[in-house]
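Number of protein chains: 2
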Amino acid sequence: MARIVAKFGGTSVADTARIEKAADKIAREVALGHEVAVIVSAMSGVTNQLIEYCAAISETYDVREYDTVVASGEQVTAGLMAIALQKRGISARSWLGWQVPIISDEVHSKARIQDIKTPLMEDSLKNKHVAVLAGFQGVTTEKRITTLGRGGSDTTAVALAAALKADRCDIYTDVDGIYTTDPRIVPEARKITRISYEEMLELASLGAKVLQVRSVEMAYKQNVPVQVLSSFDDAIGSDLPGTLVTKEEDIMEQYVVNGVAFAKDEAKVTVLGVPDVPGVAAKLFGPLADAAINVDMIVQNISPDSTKTDMTFTIPQTDLAHALEVLKSQELFKNSEIRTATDVAKVSVVGIGMRSHAGVAKTMFAALAEKGINIQVISTSEIKVSVLIAKEYLELAVRALHAAYGLEKAA
Amino acid sequence: MARIVAKFGGTSVADTARIEKAADKIAREVALGHEVAVIVSAMSGVTNQLIEYCAAISETYDVREYDTVVASGEQVTAGLMAIALQKRGISARSWLGWQVPIISDEVHSKARIQDIKTPLMEDSLKNKHVAVLAGFQGVTTEKRITTLGRGGSDTTAVALAAALKADRCDIYTDVDGIYTTDPRIVPEARKITRISYEEMLELASLGAKVLQVRSVEMAYKQNVPVQVLSSFDDAIGSDLPGTLVTKEEDIMEQYVVNGVAFAKDEAKVTVLGVPDVPGVAAKLFGPLADAAINVDMIVQNISPDSTKTDMTFTIPQTDLAHALEVLKSQELFKNSEIRTATDVAKVSVVGIGMRSHAGVAKTMFAALAEKGINIQVISTSEIKVSVLIAKEYLELAVRALHAAYGLEKAA
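Chains as they are written, first to last, in my numbering: chain L, 529 to 939; chain H, 529 to 939.
Simulated from the structure, these hints should not be mistaken for lab results. Be a bit skeptical, because a hint or two may be false.
Remember, identical chains collapse to one label, so a pair may be satisfied in a single copy or spanning two.
Stated by the list, open to error - Heads up, simulated EDC-like pairs for lysine to aspartate or glutamate below, C-alpha to C-alpha not over 20 Å straight-line:
{"id": "1", "residue 1": "K645", "residue 2": "E670"}
{"id": "2", "residue 1": "K749", "residue 2": "E776"}
{"id": "3", "residue 1": "K836", "residue 2": "E670"}
{"id": "4", "residue 1": "K671", "residue 2": "E650"}
{"id": "5", "residue 1": "K615", "residue 2": "E580"}
{"id": "6", "residue 1": "K671", "residue 2": "E777"}
{"id": "7", "residue 1": "K645", "residue 2": "E548"}
{"id": "8", "residue 1": "K549", "residue 2": "E587"}
{"id": "9", "residue 1": "K549", "residue 2": "E580"}
{"id": "10", "residue 1": "K899", "residue 2": "E920"}
{"id": "11", "residue 1": "K671", "residue 2": "D651"}
{"id": "12", "residue 1": "K615", "residue 2": "E587"}
{"id": "13", "residue 1": "K862", "residue 2": "E548"}
{"id": "14", "residue 1": "K919", "residue 2": "D824"}
{"id": "15", "residue 1": "K899", "residue 2": "D704"}
{"id": "16", "residue 1": "K856", "residue 2": "D804"}
{"id": "17", "residue 1": "K615", "residue 2": "D543"}
{"id": "18", "residue 1": "K919", "residue 2": "D793"}
Make the full structure from the sequences, and use the hints.
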């Protein structure tokens with residue numbers, strides 16, 4: 529007997545028919561003797577509709593009221609899921625954030641969970657009642673409803689799994705796992721059976737948007753095994769059909785490189801002729817950080833004139849205009865020439881095995897050179913090598929790298 | 529300065545545009561210096577959609593889960609209304625049933641309010657914050673969400689007005705008041721300026737479905753003046769444009785008859801050849817009451833054979849099949865001939881002035897006779913005379929009675 533937290537995302541509870549399919553899966557887990565807590569998202573489209581209502585009335589809506597409005601979506605699904613489970617002869621009840629309660633901070637619309645009071649749910653699970661929890665929501669100590677921000681139901685699921693000391697947290701979604709890269713670009717992409725938290729964090733933040741980054745961080749810290757699997761397949765979580773995100777030491781077959789990730793929404797900024805003096809980087813990046821602009825890759829070039837240097841970095845395209853404003857307002861850079869480019873893409877190879885294997889970067893550079901792809905910026909971490917290239921070469925680069933590391937082959 | 533509770537029904541908060549119109553009205557009340565608490569229903573169609581979801585999954589859904597699902601509709605409107613008020617520079621916040629809290633019994637889907645804890649709302653109102661309360665919902669002492677049954681937002685409004693000792697409870701709806709009869713049948717029907725609780729109760733239960741009966745009963749008991757008015761007009765509640773339901777002694781201009789009500793959903797049942805012995809009525813109506821079938825008019829006819837009698841009564845058409853089953857299962861009636869008719873209608877004249885005026889019934893019978901309308905059953909109360917007639921004569925009868933009592937003329 530295991531204790532399982534199973535989370536169903538929006539497409540997995542899109543309508544009442546999909547809710548019933550999800551209930552069928554839970555019923556099979558219960559029949560195996562498992563204790564199950566279920567986390568549900570809002571039905572497809574509901575959250576967006578509710579956000580539109582708020583925005584239609586006021587663009588500067590009170591986020592406390594926004595949270596009250598938007599949290600209703602998960603409330604509906606929780607009640608319906610409980611009804612669907614009861615129809616299958618399973619004892620079940622819904623739990624809203626304030627009923628558990630799931631205490632959060634007061635940062636409405638992107639609150640963080642501070643504490644989950646589990647005694648009531650523990651009792652419920654031990655008596656073989658399935659607990660159906662509305663995802664994405666919490667309550668402040670002042671009894672106002674909060675929401676956890678987009679993708680927050682993943683966070684609810686992982687946090688509850690940690691609080692209940694669950695054996696596994698299954699995230700049912702519309703894909704059947706994490707792939708070595710996007711199968712739309714590389715048809716040979718292979719589903720990864722097991723992946724470490726660290727690798728998943730790199731992949732999540734690099735664009736494989738299956739799991740919310742915050743939920744992976746929490747799973748890592750709390751050591752909760754998380755499985756990504758499809759609600760559209762026949763298999764249930766206990767069949768382990770998806771990708772298990774877990775501790776490095778629980779992964780037997782280690783690949784040097786586990787995936788090729790990419791991002792197309794970056795902008796490259798080059799500031800020319802910056803005085804080459806100590807502290808200039810702080811003067812450049814300090815104000816950007818203050819403006820909440822997330823700088824990713826950074827390269828400092830050697831300039832022919834040794835008193836000046838060029839700085840190149842990447843930021844999200846959506847922050848480009850804001851970043852230029854910030855830079856131009858600085859005394860030090862107001863006369864600098866600034867060049868920008870949005871026709872760039874970042875490609876990364878990720879793998880925990882890199883730590884103990886030399887030559888990963890060499891293989892990458894060779895594979896790209898062979899296809900005539902120019903590397904504009906390079907950045908590396910312990911388990912990742914990223915390069916910035918012209919966007920038009922993106923698919924070519926991803927395919928070349930996937931093949932170069934032999935990712936299509938099972939271990 | 530007055531304290532006002534204002535309730536907006538489904539069509540008055542049909543969409544975000546209507547919510548903004550309602551907020552405009554509240555803003556005008558606030559500008560007059562009034563303390564205002566607002567009760568909102570779900571946006572048009574939302575409650576039905578949510579009920580359909582429950583029924584689509586299971587016809588025998590758990591009413592506790594049904595309540596969790598359905599109560600979300602008012603939650604959304606409460607948040608949106610608070611946002612709309614804030615946009616108008618008014619300090620406002622939403623309150624859900626469990627936040628106030630509004631304690632109800634545990635009869636889910638048709639719960640009754642037991643207690644409203646007002647200290648938090650009182651504080652809020654005294655500080656000139658508009659309190660926006662989700663109608664139709666409560667919470668049990670076990671912290672499960674309840675709903676108050678159809679039309680329950682009216683009850684929430686009246687109960688809150690009583691608890692807050694409000695000067696008036698304004699029910700904004702899609703009609704501009706209570707009329708002497710249905711203007712679709714009698715174009716000359718006149719809007720009633722003031723009406724007593726007792727008369728309103730008779731009119732409400734007789735088919736003028738503007739106010740939920742339970743809310744009128746509560747207003748009567750708690751002595752809360754209730755105004756029915758239109759959210760589609762320019763006037764606000766403090767202009768007193770609608771119909772005020774209030775104490776008899778607060779009504780200056782008294783009519784003998786105040787309105788002509790009717791109901792088309794009644795069925796007539798006649799049980800022939802019932803033994804004319806003491807206790808037979810109890811044996812007939814006892815089992816019907818046990819089956820929760822509401823018997824309305826009752827007539828016991830004298831039978832030619834003095835050992836037997838015929839009993840005629842009316843019940844809602846929807847209960848007819850069930851009632852026949854119940855009767856046939858009784859030893860005493862299983863061989864009785866039972867005749868039923870659904871082509872009947874009940875017409876009633878209502879007026880508190882009847883108590884002190886003779887001749888009201890006489891005028892009624894004469895007016896109907898003059899049009900050749902046969903009366904099948906008569907029943908009377910202190911402030912009402914009802915007759916059952918063939919349904920095809922309904923409109924003719926209503927027009928004849930409206931004219932006979934001169935209801936088109938203002939006092």
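Hint check results:
| no. | hint | in the structure |
| --- | --- | --- |
| 1 | K645 x E670 | both (16 Å within a copy, 16 Å between copies) |
| 2 | K749 x E776 | within (13 Å within a copy, 70 Å between copies) |
| 3 | K836 x E670 | neither (55 Å within a copy, 70 Å between copies) |
| 4 | K671 x E650 | between (22 Å within a copy, 17 Å between copies) |
| 5 | K615 x E580 | between (34 Å within a copy, 16 Å between copies) |
| 6 | K671 x E777 | neither (42 Å within a copy, 44 Å between copies) |
| 7 | K645 x E548 | neither (29 Å within a copy, 39 Å between copies) |
| 8 | K549 x E587 | between (38 Å within a copy, 17 Å between copies) |
| 9 | K549 x E580 | between (29 Å within a copy, 18 Å between copies) |
| 10 | K899 x E920 | within (13 Å within a copy, 88 Å between copies) |
| 11 | K671 x D651 | between (23 Å within a copy, 16 Å between copies) |
| 12 | K615 x E587 | between (42 Å within a copy, 9 Å between copies) |
| 13 | K862 x E548 | neither (60 Å within a copy, 45 Å between copies) |
| 14 | K919 x D824 | within (17 Å within a copy, 79 Å between copies) |
| 15 | K899 x D704 | neither (32 Å within a copy, 76 Å between copies) |
| 16 | K856 x D804 | within (18 Å within a copy, 102 Å between copies) |
| 17 | K615 x D543 | within (17 Å within a copy, 34 Å between copies) |
| 18 | K919 x D793 | within (10 Å within a copy, 71 Å between copies) |
Of the numbered hints given earlier, the model fails hints 3, 6, 7, 13 and 15; all others are met.
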